[in-house]
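Quick note, the sequences are listed as chains Y and L, same order. The working numbering puts the first residue of the first sequence at 131, with every later residue one more than the last. The working numbering puts the first residue of the second sequence at 839, with every later residue one more than the last.
Because the hints were derived from the structure by calculation, they are not lab data. For each residue, glycine too, the CB sits at the ideal point set by N, CA and C. Be careful, since some hints might not be right.
[Stated by the list, open to error] Just so you have them, the derived chain L footprint on chain Y, three or more residues with Cβ under 8 Å:
#1 253–262
#2 333–347
#3 427–434
What follows is the residue order along each chain.
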Amino acid sequence: MVLKKFLRNDPHARPLLILAACIVLLAVADWGEGRFLSATTPFSMLQIFANGGMVALGLGLSMMIREFDLSVVGIFAATGCVAVLTGEANPWLGIGYALAIGLAAGVIQGVIIVRFALGSVGVTLGGLLIFVGVAYVLTESRTVPYENLPVALFVNRPLAGIFSLRSLICVVVFAAAAVVVGFTRVGRDLIAIGSDRRAAVIVGVNVNAFIIGVFAFSGFCAALSGALLSYSLASATPQGLSDVIVPAAAGAILGGVSLGGGTGRPLGIATGVLILAALRSGLNALGAPPFVNDIAMGAVLLTVAILDGPYLMRRLGRIAPRPRAGS
Amino acid sequence: MEPGLLVPAGRGGLRVFLRNRLNVLMAVRVTVIIVLVAACLLTPGFLSEPNIMALLTTVSFIGCVAVGMTLITISGNIMSFCLGATAGATAMVFVVALNWGGIGVGLVAALSLAALLNAAQGLVIGWVRANPIIVSIATLALIYGVAQMFAGSSAVYARPGTGYEIFKGKIVGVPIEFVVFLCVAALGHFILSYTRLGRNLYMIGSSFRAAEAAGLKTWRSIAGAYLWAGIFTGLAGILLAIRYNLGNMDFGLGYDYDAVAAVLVGGTAIGGGQGSVLRTVAGAMVIAIVQALLLLLGFRQEWQYLFTGVIVLAVIILHTSGERR
């Protein structure tokens, strides 16, 4: 009963609980052989965290204001290819192009959504297809190698034991987002827009600017992580749509963001992504075959989706009536 | 009130005509059709038999999935990310069951798998109102995981002589895939327009609360929509397996996006409650024709994605501007 209340009522505690449960489960499965609870696990966890963390952050913020930015997947792929193709000699140039494209894509989509009063799923689906197309056209459907290997090594070199440059950047972006959302008016305005857009307009929040801003930030995040990941893999490929959208959406949802809007925090999203990273690095460390990770991720996501179902309590109540609490 | 009605007719005729959004839409539609037909006639090789056959075959695979997606979209559940994976999984199960027990067993096993997979999602979505996008993404991960567990990342090949070859070839000169697609489209149209399930889906899509207030068992209709979507997608998977003599998870790659693009280009509203299967068929045809034209005009295949994206975005801006959700 207490556990259920905990699961239902506090969206900020739940991600931590799931993370703890995952780590305990993996440690028990390891059974003291030191494969999971070793010094290398935090590093590999943070590396996986950096792969898709920022994509989840952008997607999660768009979900917080009750939109859904599908295009992050396309921007992620396209900017990764752009960075590899233009950043051979000067990696900063590649990152710069990637970030400019990501920002511009976000702003353009945001302006279209605001200006024509459109739903974001349709618009960003168009954006997704366009950017996947851009990625395919630029690479001619091949995997493009990145010959500047020192950069690839530099991005992944361990810093301070558990970080690499890549994961450090990701952590910094998350921290910045957490500070802005948690301690400034921006955060409260975002929650207000997500909870009740009309009320937010009436109390004087510049909703349109926020929508454009969130989509710009989300494009920026997708571009940054796409470029960094391509550098660190020393290659870019236009494929792998579902490899990005599944963990990104799963991370945001596990982190306590609801698609209904109005809930969620950057730290929650970070925890959600960490859950997935812990699962993957833990299962890798235990030597489980790769499909176990897919199945575990799907099962966790499905469970959370059902627990988040607005009618769950009502349906359960019909089977076993009990006094209603809260709602 | 339509703004056009306030201005006396006859004065500034064209501008008044264009001020009405529906007129603009109609004008754009007619222009697009004229341009497409002209391009088809003028492009050398478009009307050749191999090109037409290839066009009809490709439109059929996507089309079957898109008809299923239409039911989901109209019911207000936006889109499913796992229809492509469903097609791939169905193709694999079809081939395995075909090798084991012949064509009949193959068809039954494959279709029931596809139906069950999606009906289960529909039940979860309808019964506890779980988020459709998240449920379909979770199922996508589960399907890929389970498929990898059983088959690795390899394909399963159909044994010759198990009787599936009779479904290859043509009926009165038309590829059999296209005949199946036409049947699927007719069935989908029948469900949406002439059955109680169809009317309920439109109602749920346009206003869920009104549907609840009217006493509909909304979860039943939503599960029904997903069930039929699964069956139609399963048919696409079986057709793919028959055509290529094998089953493979890669079959489904990108079909979800192509299918929802067809739905949207046809003009079905992403928010639900409006649209039809006929529109989706038209959308799928437009996309397929544009892609075939691009290939014939010497664009590499990669440009198809880009153009599809531009078309989708343009149609969405044209169609739904001013009527947010």
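Evaluation of the provided hints:
{"no.": "1", "hint": "253–262", "in the structure": "holds (count 9)"}
{"no.": "2", "hint": "333–347", "in the structure": "violated (count 0)"}
{"no.": "3", "hint": "427–434", "in the structure": "holds (count 6)"}
Figure legend: structure checked against the earlier numbered hints; the only hint not met is number 2.
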